[in-house]
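Chains as they are written, first to last, in our numbering: chain A, 200 to 427; chain B, 125 to 209.
If you're looking for bench data, these hints aren't it; they were derived computationally from the structure. Keep in mind that the hints are not guaranteed to be accurate.
[Said to hold, decoys possible] To give an idea of the interface, some chain A residues facing chain B are shown, with a C-beta separation under 8 Å as derived from the structure:
1. R235
2. Y270
3. E299
4. G305
5. L308
[To be verified] Label-pair restraints from in silico Cβ distances:
6. B:L150 with A:A328: 47 to 57 Å
7. A:E241 with B:D177: 34 to 44 Å
8. B:D177 with A:G364: 44 to 54 Å
9. A:G377 with B:S137: 28 to 38 Å
10. A:N246 with B:R135: 34 to 44 Å
11. A:A330 with B:V163: 55 to 65 Å
12. B:P207 with A:A381: 47 to 57 Å
13. B:S137 with A:G366: 22 to 32 Å
14. B:R135 with A:Y270: 38 to 48 Å
[Said to hold, decoys possible] Some but not every residue of chain A turned toward chain B, in silico, with C-beta under 7 Å:
15. Y261
16. R279
17. A306
18. R309
19. Q311
20. L314
In this text, a Cβ means the ideal position worked out from N, Cα and C, and glycines have one as well.
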Amino acid sequence: MKNMKKIRAAVVVFPGSNCDRDAQRAIKAAIGVEARLVWHKESSMENFDLIVLPGGFSFGDYLRTGAIARYSPVMAEVIRQAKRGARVLGICNGFQILTEAGLLPGALLRNQNLLFLSRDVWLRVENNATAFTRAYGKKQVIRLPIAHGDGNYFIDDEGYKKLEGEGRVVLRYCASDGSDEAAPNGARGNIAGIVNETGNVLGLMPHPERLTEPILGGADGRRMFESL
Amino acid sequence: MFKVKVTVMFRKSVLDPQGAAVERALKGGGISFPEVSSVRVGKVVELMMSGTDARSVEERARLLADRILANPVMEEYAVEVEPLS
């Protein structure tokens with residue numbers, strides 16, 4: 200990170216977001232940047248290099264997860280900045296909002312076993328050439344927490360083939376040794392995280408921001424922020 | 125005024141874990157309904173809309189169903205419009 204110009208980062212706060220401060224703290228811990236918290240009502244904001252849509256339960260997850268947040272005034276701005284090339288990182292509820300907004304394909308359904316899953320999972324970095332994962336090794340196996348009721352990634356056959364063919368599946372649930380293992384939530388192809396066509400928008404269900412410092416029990420999430 | 129009812133269901137191609145759980149319960153020991161199959165759980169949204177005629181109200185209702193009440197990636201919807209006298 201030396202000799203690099205500091206990036207400008209924002210974390211969007213929706214009513215019901217609950218990982219906004221965690222994300223802010225993680226960014227500070229990993230790359231020393233003070234991210235600005237942006238309230239969802241803001242319809243214009245200065246240009247950022249990184250915009251995080253944090254985890255939580257925006258608007259109580261009523262209707263569908265992310266469905267209401269997707270129409271918050273700030274989202275038009277997020278979409279504009281994503282088109283401009285800004286990096287947009289959607290974590291958990293943020294991922295759900297990104298699919299609802301059409302910035303990422305597919306949708307997140309109820310977990311197959313209908314349980315709210317709150318535990319650590321093993322993940323394999325399937326693509327370490329993205330802007331979000333370049334600090335990880337090839338096929339590196341990492342441990343991050345999940346905490347969601349709707350993380351069952353769904354996409355139709357055609358969309359799945361496209362994601363796979365374009366190397367846009369970035370993270371997959373796996374066993375601790377990195378071998379294939381069914382996703383705890385039933386996600387298609389064990390998908391835990393994907394990027395958009397231009398590689399500047401990443402959505403993932405696990406929480407990298409919750410494991411960025413050893414005192415928190417691990418730091419596997421830190422490299423995601425260092426990548427940026 | 126028109127009373128509008130939007131019914132949202134998962135697409136056939138989407139597994140509905142909630143429906144599957146309800147089906148298991150219906151067939152299971154506590155309440156035995158072995159003749160049941162293909163349970164799907166959806167949602168119904170009722171709303172009132174103002175407008176001049178049922179056709180244009182339905183068009184608007186479809187628009188809002190398409191844009192927010194349903195997610196076309198995984199869901200389909202039906203719209204019913206009933207004029208209130």
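Broken hints, numbered, in rising order?
-> 1, 11, 14, 15, 16, 20
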